[in-house]
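K.L.:
If you want the building blocks of each chain, they are given just below.
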Amino acid sequence: MSDRTARVALTRLAEPGYARVTSLVTELGAEAVLRLLEEQRRVQGVYSDAAARMFDLDPDRELRDAAARGIRFVTPSDDEWPPALDALALADPNGDVGGVPIGLWVRGELRLDEATARAVAIVGSRTSTTYGVGVASGMAAELVQAGYCVVSGAAIGIDAAAHRGALGARGTTVAVLACGVDRVYPAQHRDLLKYVVETGLIVSELPPGCSPTRPRFLARNRVIAALAQGTVVVEAAIRSGALSTSTWAGRLSRPVMGVPGAVTSAPSEGVHELLRSGEGTLVTRASDVLELVAPAGEAMVSPRRATPTARDRLTSRDKQILDAVPVVDAAPVPSIARTSGISAVEVTDALRRLQRGGFVESNGVGWRVVRAGSA
Amino acid sequence: MSVATARTITLEGATGHLVDVQVDVAPGVVKTALVGRPDASITEARDRCRAAILNSRFDWPTTRRVTVLLSPADLPKRGSHFDLAIAVAVLVAGADPRKPPVVPADALEGVVLIGELTLDGRLRSVPGVLPMAMAAAARGARAVVVPEPQAAEAMLVPGLTVLGLRSLAQVVACLSGNEIPDAPPVALTGSGPVLTWRGEQRLADLDLADVHGMGDPRFALEVAAAGAHHLLLSGPKGAGKTTLAERLPGLLPDLTVEEALELAAIGSLAGSVLAPDAGLPFRPPFRAPHHSATRASVLGGGTGRVRPGEVSRAHRGALFLDEFPFFGADIIEALRQPLESGEITIARGEEVATFPAHTMVVLACNPCPCGDYHPADRDHRCTCTEVRRRDYRRKLSGPIVDRIDIVRNVEPVRPYELLDPTARPEPTAVVRARVARARDRQAVRYEGTPWRVNADVPGPVLRERWPLTDEGQRLVDARVLDGALTRRGGTRVHRLAWTVADLGGVDRPTARETEAALGLRTGEPLPAWVLDRPELAS
Numbered sequence: 001m002s003d004r005t006a007r008v009a010l011t012r013l014a015e016p017g018y019a020r021v022t023s024l025v026t027e028l029g030a031e032a033v034l035r036l037l038e039e040q041r042r043v044q045g046v047y048s049d050a051a052a053r054m055f056d057l058d059p060d061r062e063l064r065d066a067a068a069r070g071i072r073f074v075t076p077s078d079d080e081w082p083p084a085l086d087a088l089a090l091a092d093p094n095g096d097v098g099g100v101p102i103g104l105w106v107r108g109e110l111r112l113d114e115a116t117a118r119a120v121a122i123v124g125s126r127t128s129t130t131y132g133v134g135v136a137s138g139m140a141a142e143l144v145q146a147g148y149c150v151v152s153g154a155a156i157g158i159d160a161a162a163h164r165g166a167l168g169a170r171g172t173t174v175a176v177l178a179c180g181v182d183r184v185y186p187a188q189h190r191d192l193l194k195y196v197v198e199t200g201l202i203v204s205e206l207p208p209g210c211s212p213t214r215p216r217f218l219a220r221n222r223v224i225a226a227l228a229q230g231t232v233v234v235e236a237a238i239r240s241g242a243l244s245t246s247t248w249a250g251r252l253s254r255p256v257m258g259v260p261g262a263v264t265s266a267p268s269e270g271v272h273e274l275l276r277s278g279e280g281t282l283v284t285r286a287s288d289v290l291e292l293v294a295p296a297g298e299a300m301v302s303p304r305r306a307t308p309t310a311r312d313r314l315t316s317r318d319k320q321i322l323d324a325v326p327v328v329d330a331a332p333v334p335s336i337a338r339t340s341g342i343s344a345v346e347v348t349d350a351l352r353r354l355q356r357g358g359f360v361e362s363n364g365v366g367w368r369v370v371r372a373g374s375a
Numbered sequence: 001m002s003v004a005t006a007r008t009i010t011l012e013g014a015t016g017h018l019v020d021v022q023v024d025v026a027p028g029v030v031k032t033a034l035v036g037r038p039d040a041s042i043t044e045a046r047d048r049c050r051a052a053i054l055n056s057r058f059d060w061p062t063t064r065r066v067t068v069l070l071s072p073a074d075l076p077k078r079g080s081h082f083d084l085a086i087a088v089a090v091l092v093a094g095a096d097p098r099k100p101p102v103v104p105a106d107a108l109e110g111v112v113l114i115g116e117l118t119l120d121g122r123l124r125s126v127p128g129v130l131p132m133a134m135a136a137a138a139r140g141a142r143a144v145v146v147p148e149p150q151a152a153e154a155m156l157v158p159g160l161t162v163l164g165l166r167s168l169a170q171v172v173a174c175l176s177g178n179e180i181p182d183a184p185p186v187a188l189t190g191s192g193p194v195l196t197w198r199g200e201q202r203l204a205d206l207d208l209a210d211v212h213g214m215g216d217p218r219f220a221l222e223v224a225a226a227g228a229h230h231l232l233l234s235g236p237k238g239a240g241k242t243t244l245a246e247r248l249p250g251l252l253p254d255l256t257v258e259e260a261l262e263l264a265a266i267g268s269l270a271g272s273v274l275a276p277d278a279g280l281p282f283r284p285p286f287r288a289p290h291h292s293a294t295r296a297s298v299l300g301g302g303t304g305r306v307r308p309g310e311v312s313r314a315h316r317g318a319l320f321l322d323e324f325p326f327f328g329a330d331i332i333e334a335l336r337q338p339l340e341s342g343e344i345t346i347a348r349g350e351e352v353a354t355f356p357a358h359t360m361v362v363l364a365c366n367p368c369p370c371g372d373y374h375p376a377d378r379d380h381r382c383t384c385t386e387v388r389r390r391d392y393r394r395k396l397s398g399p400i401v402d403r404i405d406i407v408r409n410v411e412p413v414r415p416y417e418l419l420d421p422t423a424r425p426e427p428t429a430v431v432r433a434r435v436a437r438a439r440d441r442q443a444v445r446y447e448g449t450p451w452r453v454n455a456d457v458p459g460p461v462l463r464e465r466w467p468l469t470d471e472g473q474r475l476v477d478a479r480v481l482d483g484a485l486t487r488r489g490g491t492r493v494h495r496l497a498w499t500v501a502d503l504g505g506v507d508r509p510t511a512r513e514t515e516a517a518l519g520l521r522t523g524e525p526l527p528a529w530v531l532d533r534p535e536l537a538s
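From first to last, the protein sequence lines stand for chains A and B. Residue numbering for the first sequence follows this note's numbering, starting at 1 and increasing by one per position. Residue numbering for the second sequence follows this note's numbering, starting at 1 and increasing by one per position.
Hint data in this document are derived by calculation from the structure and do not stem from the laboratory. Don't be surprised by glycine CBs; every beta carbon is placed ideally from N, CA and C. Heads up, a few of these hints could be off.
Reference listing, derived: stretches of chain A covered by chain B, where coverage requires no fewer than 3 residues with Cβ under 8 Å from a Cβ of chain B [what the hints assert, rightly or not]:
(1) 120-130
(2) 165-173
(3) 180-194
Just some of the chain B residues that point at chain A, by a computed CB distance under 10 Å [said to hold, decoys possible]:
(4) Asp216
(5) Thr422
(6) Asp482
(7) Leu531
(8) Asp532
Each pair of labels, with its calculated beta carbon distance range [what the hints assert, rightly or not]:
(9) Ser77/A x Ala209/B: 48 to 56 Å
(10) Glu273/A x Gly505/B: 56 to 64 Å
(11) Arg356/A x Ala209/B: 26 to 34 Å
Working from the sequences, and respecting the hints, build out all of it.
P.N.:
Pasting the structure below:
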């Protein structure tokens, strides 16, 4: 039995991301782990969970069947394996879940490593708002235009919006599923997944045919975080699965980012907590994200400032004088000098300067401010 | 016979009153007197009738005193359609007792006469025949005589014999049971369109399938159509507000016979004559007056006869006011009444006309004077100063907007939305079917009440008989408590929640529907499920 077929067998035997199996595979290799499992089939304990599934294994047939349906199995020894996933070996597990995937079942034309060489995960709640959907799509569209791939989980709400934004901007998007890559879950995303697989990839730790369960979603979230260089959370309630993805990004020491909503908005509460606790960085547009995920110094964002107005460029003394010029009824120089506390000589000079700049006007007797918009 | 009575109808707004035209022909100073508060056009009837009678080869009692009384005498009467009744009554009253009567007196029993006479005795069409015929039927008339081109219109009224005739001679023959003489057809007068132009049919060709993105305002439009809720669309120029609003009529279900009659009656009052083969207008109207429209044209009024305005012509349909801040402030202000009560009263001198105006109002506006500002778009290119924007916004708020149920910001469609391969904009037919089902649910629920749609139901009744679920009500209460909603706003949310529930086929609004309703009312983001319509899942 080869490493590849052993891994196929293991994805059938163990639940995805089961840390005790994944860590053993990383340490001993897949063949050794499979052999151990077979030898100790009758031993009571954790391995007996796997033993229940052991009887009708035929990894070779499984690979053949998958290939016939355009599905391939990618292992760490393949060229296509994204090195970003290996970082999971060093990340602390979350309870039982963790470790490098034993292998990934993939559908789609692109090479997985090339597609995810520059990737950002955009995740969020299923119970989102039109605001969150708009932000997620818009951000995804801008990110793919900047040459990034958008990774998400194909769930209803923010996930789907992220995929759609990427598709609409003719970019690459990768959907990581918590079921077999041949399955359509959720059912109403048949169309969405069809287009994702046409121009991007569908990926899962689970072999074809498997159905989604709650623990599988949590394991899946770690793959999303690991495939991307950073994770953006758009709308997540306080107990949202999207936060588990961002937690994984944190464990992997990759940028965790949050898009704020209205402070009263329940679907944004989890994001706000993420930002408040300091775990995540506030981002409001794609360039903010790029600054964090791009190689250092490549996509710097200069601090946003209001564009300076002509008034901002005046010297502080000129501003002081301008503030003393009345708006409605023109005032003579001595009055302006008194109000501003600056000598009449300097005020006269300054007023001429300000007149050339179009700030004040004279009626021969006094001066007043030129009103914005009336000029 | 020296006294005779014929009957006709006078209109006060859309209300018709039966009028007795009583003619007395007696010896005395030779004179024709017209009493009973006639207006100028009825006073002129004297001359028209005299000429028409003589030119139709009948006798005018030239040597006697003719008194015409229009009773009830206290009711002001207006219009030129009294001619026929006056002329016929004069013929009966003035008949020479020695000769056989021109028209037997009992022939006038239960007959209402409507029509203007030309000097040569032909019968000309007049505005308002349909409401007059409706009033005649309601007051027990068995037959109504109308100018021939308008017979089709009068025939829309069930249970009424309609005699469409061309001349006074024909009317006389018909009433006395003689053979009806031939007469040349009388051309239709009235202010129908002279030309047909593309614009007329344009709205019928518009389909929601051509509108990409805009999931949020699309949902708002659907809810508005389903519950007849008033809608405000705000957004930068070119965002698609008009595009959306013009697709509203396609979503509205057909009118009932009763509603179509009401609408046709209003059209008749406005002077448009129903084409003979057109039948009742079953498609709900969509009226979109320009913001330069006058007060009289929008609300009703005009010189002489009070005509219904656009707000009444949109009865049972929709009135779309694009760029509504540019409409006269008094027009906007006066829309308050129809928005609240479904009718509009125009009081002028001693004349008070009430027209039905049960319409849903769709307002569209730019968020600022230059039209480029957008509160949710930090990259907007608005050049207005903050002061100008504030002045403009002040115009937007106020009593009308407070009566609007749904407030939406329309954001321009972004390029990736246009190219989204998974987007399947629903066609109008699909949405209309959903709206129709929602309307059916309302019809069942409000059976035996005066209300038809959720927007009609008064707040107290709604709370008493059709409350929200507890969780839904808690959401509303929380927003009322934190000041985001007024009490009235809370009622509007309640109505909207029912419409959202009716669209979704839910028996009673839960937190889910109430949440969407709250968003619609406050202009806040909606729950994202409104974007994923079940019909889209394949």
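K.L.:
All the hints need checking, so say for each whether the structure fits it.
P.N.:
Okay, the hints, checked on the actual structure:
| no. | hint | result |
| --- | --- | --- |
| 1 | 120-130 | holds (count 4) |
| 2 | 165-173 | holds (count 5) |
| 3 | 180-194 | holds (count 5) |
| 4 | Asp216 | 5 Å, holds |
| 5 | Thr422 | 5 Å, holds |
| 6 | Asp482 | 8 Å, holds |
| 7 | Leu531 | 6 Å, holds |
| 8 | Asp532 | 7 Å, holds |
| 9 | Ser77/A x Ala209/B: 48 to 56 Å | 50 Å, holds |
| 10 | Glu273/A x Gly505/B: 56 to 64 Å | 36 Å, violated |
| 11 | Arg356/A x Ala209/B: 26 to 34 Å | 59 Å, violated |
In the structure shown, a violation is registered for the earlier hints numbered 10, 11, in ascending order.
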